[in-house]
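All chains, please: the whole structure from these sequences, using the hints.
Letter by letter, the chains look like this.
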Amino acid sequence: MTGVSVGDLAVRFGCELRGDSGVVVETVGTLANAHERALSFLANPSYRHLLASTAAAAVVVAEDDADAVPGVAIVAKDPYLTYARMAAVLNPPPVARPGVGAGAVIDSKAEVDPSAEIGPNVVIGPGTHIEAHAVIGAGTVIGRDCRIGKATRLAPNVTIMDAVIMGARCVVHAAAVIGSDGFGIARGPRGWERVPQVGGVIIGDDVDVGASTTIDRGAIEPTRIGNGVKLDNQIQIDHNCVIGEHTVMAGLVGIAGSTTLGANCAFGGGSGATGHLSIVDGVIITARCTVTSDIDTPGTYGGVFPHDDLRNHQRSVARFRQLDKLARRLAAIEKRLKQQENTE
Amino acid sequence: MTGVSVGDLAVRFGCELRGDSGVVVETVGTLANAHERALSFLANPSYRHLLASTAAAAVVVAEDDADAVPGVAIVAKDPYLTYARMAAVLNPPPVARPGVGAGAVIDSKAEVDPSAEIGPNVVIGPGTHIEAHAVIGAGTVIGRDCRIGKATRLAPNVTIMDAVIMGARCVVHAAAVIGSDGFGIARGPRGWERVPQVGGVIIGDDVDVGASTTIDRGAIEPTRIGNGVKLDNQIQIDHNCVIGEHTVMAGLVGIAGSTTLGANCAFGGGSGATGHLSIVDGVIITARCTVTSDIDTPGTYGGVFPHDDLRNHQRSVARFRQLDKLARRLAAIEKRLKQQENTE
Amino acid sequence: MTGVSVGDLAVRFGCELRGDSGVVVETVGTLANAHERALSFLANPSYRHLLASTAAAAVVVAEDDADAVPGVAIVAKDPYLTYARMAAVLNPPPVARPGVGAGAVIDSKAEVDPSAEIGPNVVIGPGTHIEAHAVIGAGTVIGRDCRIGKATRLAPNVTIMDAVIMGARCVVHAAAVIGSDGFGIARGPRGWERVPQVGGVIIGDDVDVGASTTIDRGAIEPTRIGNGVKLDNQIQIDHNCVIGEHTVMAGLVGIAGSTTLGANCAFGGGSGATGHLSIVDGVIITARCTVTSDIDTPGTYGGVFPHDDLRNHQRSVARFRQLDKLARRLAAIEKRLKQQENTE
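Chains as they are written, first to last, in numbering that gives the first Met the number 0: chain A, 0 to 343; chain B, 0 to 343; chain C, 0 to 343.
These are calculated hints, taken from the structure and not from any lab test. Each hint should be verified, as a subset may be incorrect.
Within a straight-line C-alpha distance of at most 30 Å, the following computed DSSO-like cross-link-like pairs (lysine-lysine) qualify [to be verified]:
#1 B:324 to B:334
#2 B:337 to C:334
#3 A:324 to C:324
#4 C:334 to B:324
#5 C:337 to B:337
#6 C:324 to C:334
#7 B:334 to C:324
#8 A:337 to C:334
#9 C:337 to A:334
#10 C:149 to A:324
#11 C:149 to B:324
#12 B:108 to B:76
#13 C:324 to C:337
#14 B:76 to A:334
#15 B:337 to B:324
#16 C:108 to A:334
#17 A:324 to A:337
#18 A:108 to A:149
#19 C:108 to C:149
#20 A:334 to A:324
#21 C:324 to A:337
#22 C:108 to B:337
#23 B:324 to A:324
The following residues of chain A were derived to be distant from chain B, with all beta-carbon distances above 12 Å [claimed, not checked]:
#24 36
#25 49
#26 93
#27 110
#28 203
#29 244
#30 254
#31 261
#32 310
#33 341
Don't be surprised by glycine CBs; every beta carbon is placed ideally from N, CA and C.
Next up, the structure:
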């Protein structure tokens, strides 16, 4: 690994430097364990006590913390963002190595840009376009009539079903599935019958889809994922959902069918929303919370129950189930006291 | 795409027609966005206001809504079911194209019906039978001693482990896993030891298994999924479970080991059940609810906490943890007032 | 299947035998359905009533139940553990069949021990070592610079990304993903930017990873899974987590980033923990419970709400949202009664 001088980094990202601009960093490190050729950062104040003793060659910090850095301080307004960009200089994302791997099976009616990298044992269906500099990981299967945009990277063992249109610079992690049938069933006299799912999926630019996340195709019109959406692992997006631009979701979130989320929303891990809802821009849902009705007002919404000592929790749950009765008993007392007061 | 006349559809599915029976539909559309060659439907009353302005050539509706259809009204008792069937005429499910794809590795002791379609890079183990008109998607791996029934379709990148018996006309979506080891461990002096999982999985006819859903093999006897069961994405069915016929589950449901569900149950998204339970036929579990004891009575059971303003939720949670104390304080007041009353 | 005498089993695992030591067992069975050549066991007292009528040739039981066994009683201190070991004699885990399957693509810079079994269509990247007697299932993809330890078995369609170090005798089930990028994003002026994820994953010996479980690589330092950890299906382990030795998790658990779990913890199905927490050894989290703060004391913690009749639950939820007000009303009454008392 070749290094880069902190002076170069500071100039490139417009940071003030306190210390020797010739110091070279080769890798990234945590404050606690960085070695003397590493770049580190301080973004979370709870790690501030580690600053004094860090061995890191340079630390990206906010103005107020600069004096506490033992090595070179790289002063930035947003240390985490600046660190992210500098770390990407040291660890650039993989670049497509043009060519087709052994065992890949590409339909004669598919179009693959010669600059794209097609991994071993990939399968690509008819009518599908793989654009310039795209990377398709080993074992990934892409159906028919899809488009994989410029420089988009699919990890190994991803499955893209039919009619999935994906923009540029997306990243799809391993075992993710995009374009599987929505869960559309109608009850018939002899059991459930499948409702054809013919809408595809339209995904914008710069979208991330986590490992083992599933995004269903729409029933009639496409499921839509806006530009810049970031989805973590094990998420389920049902058919007909519309996810607004730059909305993010942590792992294990579930969004039920036909729900529309605004832009710049954030869903904590394990949270979710029931179907046919509309949620405005700028809504934050904390971990494990379930949205069950429309949200018209930006803000932060919660619903989790923190862990408790098991016995205390069980007592609380037992009371919870009597809550309506408890409230009625309370009201009865209030009424009685009111009467008492009036008669006094 | 060739079209079909609404007259033909009406005759085929026994519907009354109001309008020109020669009108041809070629595709399906939503009321809002259907074009003039599209078939639409109205099933959810909240979309009724869209009826007057739809451009759809024909709309499947209930009797009461027929007069409001601007184009041809196809009158049906159950508009959604009838729409589903008509949509399947316009969008028939894929049919097996007999043959074996490039890179497929079929064990010499496997039996594959010549009418089956085996995708590229599929792997099939010894003792496994693939029946007539089955479709095995690219990259799918099937272990030993399995049976894939007639016209059953496995999507790409599915994994079927050993001893999985699957009926006819099933659909398994991408990245699903059937027959993985159940989570059977016994604590030994030096750590957890694996308990051999030797039961297989027996799946009936017309079963759907969603993308990234996992169904474990039984510990000793097989895990059983009844005819007509429909499972959405990201569901976990533990070892030894028995799922009754025509039971349905939305995404992210978890059913713990050795639990038996009746027929015609419905589990909402993210709901679940703990292990070793017995649940009768006809039980509906709403989204995110957790079943923790046997259910002997058909009906609807809930458990979700709707999202709330974060601060209000946090206040409620704080009080929830005091609930037993609050209830005791309430009882103390009641007792005191009772005494007061007696002494008056 | 060749059998083994119960005498041999008793000697091998140090059990007392009551009955004919020459009886041969060939398979395992449940008490209810075992046939006359089957070995069964009784560990869960709720199945004791099945003992009298079992057709099993032999039953592993605790001392107190030995007299009730109709066939041979194999008396063990821990019947479940002893059964597990005897069942493993009858059903030994699969052994590597050395060789490389058709369609496997192994990078010239990978090292594969000649005793390892590489399934069909496997892909192995440069710098990766596959150690002796390892088994790599069909369609599995392993990235660069990984190590798969001795006798570790990967099921089909597993994805191991780059820089994953895995110990001996592990089992990874189908569709699991290890080493995918952590969910590291920083907000920039035009949207979220990816923070490079360069830590790998270090997994100890004897670890099980369930089907469709995902374990993310660390952001800077590796995510760590201790020796003997057992993870069920559909679990998400975020970047930088440290999971202590012999900790177990049932299905659908989510552990958010940078959380450290102690040794010998147990997480019930669907439970989880938020990020940046520290949890000591010996903590038990019951199903569906969410840990939201550090746990310093070993013990059992809960948080689930059992299912309830839907209407009663809805009434309780409505009251729950008024809980702070109800508590204030109660306090007001108490205050008033106190004043009343003082004035009497």
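Worksheet entry | Hints that the structure is at odds with (numbers, increasing) | 10, 11, 12, 14, 16, 22, 30 and 32
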